[in-house]
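Chemist: First residue of the sequence shown: 1, per our numbering; consecutive thereafter.
Be careful, since some hints might not be right.
[Unchecked claim] Just the calculated beta-carbon pair ranges, DEER-fashion:
#1 T3 x I117: 21 to 27 Å
#2 Q128 x P93: 18 to 24 Å
#3 S96 x F17: 26 to 32 Å
#4 E114 x A50: 34 to 40 Å
#5 E74 x S27: 29 to 35 Å
#6 I117 x A50: 33 to 39 Å
#7 Q21 x S96: 29 to 35 Å
#8 E31 x S83: 17 to 23 Å
#9 G28 x I94: 17 to 23 Å
[As the list claims (entries may be wrong)] Under the rule of at most 27 Å between Cα atoms (straight-line distance), these lysine-lysine pairs were calculated in the DSSO-like manner:
#10 K53 x K133
#11 K133 x K112
#12 K53 x K37
#13 K37 x K112
#14 K53 x K66
#15 K76 x K133
#16 K76 x K66
#17 K112 x K66
#18 K76 x K53
#19 K112 x K53
#20 K37 x K76
#21 K66 x K37
#22 K112 x K76
Hints were generated in silico from the structure; no laboratory data involved. Heads up, the beta-carbon is just placed ideally off N, CA and C, and yes, glycines get one too.
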Amino acid sequence: MRTYTILIAENDEDERFFMQQGFDEASGLFEVEALVKNGDDLLEWLTLNAPRKPDVILSDLNMPGKNGYDLINELKALPAYASIPVIIASTSPIQSTIERCLTLGAADYIIKPETFIEYGPFIRELHQRIIQKELIP
Numbered sequence: 001m002r003t004y005t006i007l008i009a010e011n012d013e014d015e016r017f018f019m020q021q022g023f024d025e026a027s028g029l030f031e032v033e034a035l036v037k038n039g040d041d042l043l044e045w046l047t048l049n050a051p052r053k054p055d056v057i058l059s060d061l062n063m064p065g066k067n068g069y070d071l072i073n074e075l076k077a078l079p080a081y082a083s084i085p086v087i088i089a090s091t092s093p094i095q096s097t098i099e100r101c102l103t104l105g106a107a108d109y110i111i112k113p114e115t116f117i118e119y120g121p122f123i124r125e126l127h128q129r130i131i132q133k134e135l136i137p
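Could you put the whole structure together from the sequences, leaning on the hints where they help?
Modeler: Dropping the structure here:
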């Protein structure tokens, strides 16, 4: 099974902690390059680490500074990063929100777990979706 490198933007400190635990629990599926606070920090990380491009980006939708929508727009406009799949993670199941993200160019949209303890299964589902949807060649 392939291990994917992932760059994550999540503004909630508790959620970042439990998300990291979920990635650690699902060892071998992902290598977390960085877990940053928002889209601004994610773009800065990409700039400072230009030679290292993650296989996939997982971004929260609602964050201070650059949010998930902004991040999709900016990454798609930058040739160096336009091919990196961006998956939006949110608690919102609203269809119009999902459609907006996909229309802007998100590779996928995944609903976050309702409780922090469910991040292990969430990470395994994320990996399966990447494979099933063939998001990464």
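Chemist: Look at each hint and say if it fits the structure.
Modeler: Evaluated hints:
| no. | hint | in the structure |
| --- | --- | --- |
| 1 | T3 x I117: 21 to 27 Å | 24 Å, holds |
| 2 | Q128 x P93: 18 to 24 Å | 19 Å, holds |
| 3 | S96 x F17: 26 to 32 Å | 31 Å, holds |
| 4 | E114 x A50: 34 to 40 Å | 37 Å, holds |
| 5 | E74 x S27: 29 to 35 Å | 31 Å, holds |
| 6 | I117 x A50: 33 to 39 Å | 36 Å, holds |
| 7 | Q21 x S96: 29 to 35 Å | 32 Å, holds |
| 8 | E31 x S83: 17 to 23 Å | 19 Å, holds |
| 9 | G28 x I94: 17 to 23 Å | 33 Å, violated |
| 10 | K53 x K133 | 20 Å, holds |
| 11 | K133 x K112 | 18 Å, holds |
| 12 | K53 x K37 | 18 Å, holds |
| 13 | K37 x K112 | 16 Å, holds |
| 14 | K53 x K66 | 20 Å, holds |
| 15 | K76 x K133 | 19 Å, holds |
| 16 | K76 x K66 | 14 Å, holds |
| 17 | K112 x K66 | 19 Å, holds |
| 18 | K76 x K53 | 14 Å, holds |
| 19 | K112 x K53 | 24 Å, holds |
| 20 | K37 x K76 | 20 Å, holds |
| 21 | K66 x K37 | 10 Å, holds |
| 22 | K112 x K76 | 23 Å, holds |
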